[in-house]
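Novice: Here is what each chain is made of, one letter per residue.
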Amino acid sequence: MSSITTRGAPRGFSFQEYMTCLTGIVWREGLRFLHQRERFVSALVRPLVWLFIFAAGFRQVLGISIIPPYETYILYEVFIAPGLMAMIQLFNGMQSSLSMVYDREMGNMRTLLVSPLPRGFLLFCKLLAGTAVSLLQVYAFLLIAWFWDITPPPIGYLTVLPALILSGLMLGSLGMLISSGIKQLESFAGVMNFVIFPMFFASSALYPLWRVQEGSPYLYYLCEANPFTHAVELIRFALYGQINWVSLAVVASCTIVFMIGAIYAYDPSRGLARRGPAGGEG
Amino acid sequence: MTSPAPIAEHRETPRPDPAAIPTITSSGVAALSIDSVSHAYGPRRALMDVSFNVQPASFTALLGLNGAGKSTLFSLITRLFGIQSGRASIFGHDISKNPGEALRLLGVVFQPRTLDLDLSLTQNLLYHAALHGISRREAATRTAELLGRIGLAERAGSKVRDLSGGQMRRLEIARALLHRPRLLLLDEPTVGLDVKARADIISHVRQLVTEQGIGVLWATHLFDEIMPGDDLVVLHQGKVLAQGPMSLVVAEAGAQDVNTAFMRLTGAQTMPGGGA
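Read top to bottom, the protein sequences are chains A and B. Take 590 as the starting number for the first sequence in our numbering and just add one per residue. Take 5 as the starting number for the second sequence in our numbering and just add one per residue.
Everything labelled a hint here was simulated from the structure, so no lab data went into it. Since the model is a prediction, treat every value here as computed from it, not as a measurement. Treat the hints with caution; some may be incorrect.
[Stated by the list, open to error] Footprint (simulated), chain B over chain A, 3 or more residues, beta carbon under 8 Å: (1) 613-624; (2) 698-707; (3) 723-731.
[Unchecked claim] A few chain B residues that don't get close to chain A, going by computed Cβ distances all over 10 Å: (4) Ala-134; (5) Thr-145; (6) Gly-152; (7) Ala-157.
We put the beta carbon where it would ideally sit given N, CA and C, even for glycine.
Based on the sequences and whatever the hints tell you, model everything.
Specialist: This is the structure we're talking about:
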């Protein structure tokens, strides 16, 4: 007769079980992404439109002086490339959170949250999976950008990877934190306007901050305080094999704060518990 | 652990070898214990002092109208919401204090569909296995075995989107069993299914009780899904009005059948088609 132990000392989870769970969540997110071709195409088209059209028109208007990490005069396209990489991650982070709201409405989120592994770990896996998807998008963008004369040093493609992982985690956890406060998909669209556009435009993605300072000191301070600015600068420096320590510190700190906030908000006894019943109610 | 035959053939299945039925080593522990659980959404009270047990190898029907609090109770047991007051435990593991061990022993079929429609049947099951830390090789074996058991082995590579409603439910039940839980919760699993699919699902789950000793909590508002030997919990407006073996609940209500008993207990009007 087979026997099943159902009570006794908790046996916990092995490292192997954690890794299986992590790879499973990343694998599923990757599969879902590959099935959503429109999402991949639109994720690429958005920055490419900025690069091919906006930057081409703007290069005559805005002169870029030599600022670190660049050692020579550069084309405007080269300047905004890191900003567009961060933009891909910003949209992806928000879109992942959008899918969490969707999943919660559709009930898919429940299958994730009834896993016996610790909830904080599950959410971290979800963030990492979203970041992995954003890396695919960013490298696809870099490949196309290379043909557009955006040619950072070859080592830059490698050194930018840790920066992209960190900024992807920061933007993903920010999205997750926001999604925890969203009840319905409809209200998320409004938040996108209030988060994505202000973050993107009030940053160093499209123009160097010294230029902003000339125009408006207050806007300059706002840009300096914007974590997205630091994500852009972290990526910009890393793409040229350098480290911007201030940006690294800001992005790392924000990642930790946003992630703790998101995990706290998704705690069943706090965030979700405050809301009404989800799915079919009986 | 035994392998039940495919659903469509279950009626021809011979009685299982009793020696093959798993036993619970901690005798006397309820599969699910709900103890004085109350829950409110702001000022609205969804559950009030709810207490009942589900025993291993038993089929317990949680009967209630829409809005009785069934889904809220399921959300608490599955830790989607925190328990505000009272206690819930699975085989003695407190859900709030020791969720990992409790959830390990729990399989759930939610009322809304929770499958990835664009992924294949196998991919859906492998994802679930990963969430329980089951290695890829072991997961592949169990997936193939379970798909065969529910008669969907040939559709393993198909997208879930192409399945019928009944097939999706069978897949969800298979998924809930993948990590070999000892307690299975099903929240109105037959809603929206045709008569044949309903009968298949019900008999499959009853087979799991008799052959594998799984404790089942089956939330429903359909009287004809309850059998005389079942345990019954009548939930109405967040309160447990009656509980116990079905025959006892019916007798205590001074009624001839569950339908009348439920009507007397709640004062509700019955709906055509055996629904509450």
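Novice: Can you give the numbers of the hints that this structure goes against, from lowest to highest?
Specialist: Of the numbered hints given earlier, those the structure breaks are 3 and 4, listed in rising order.
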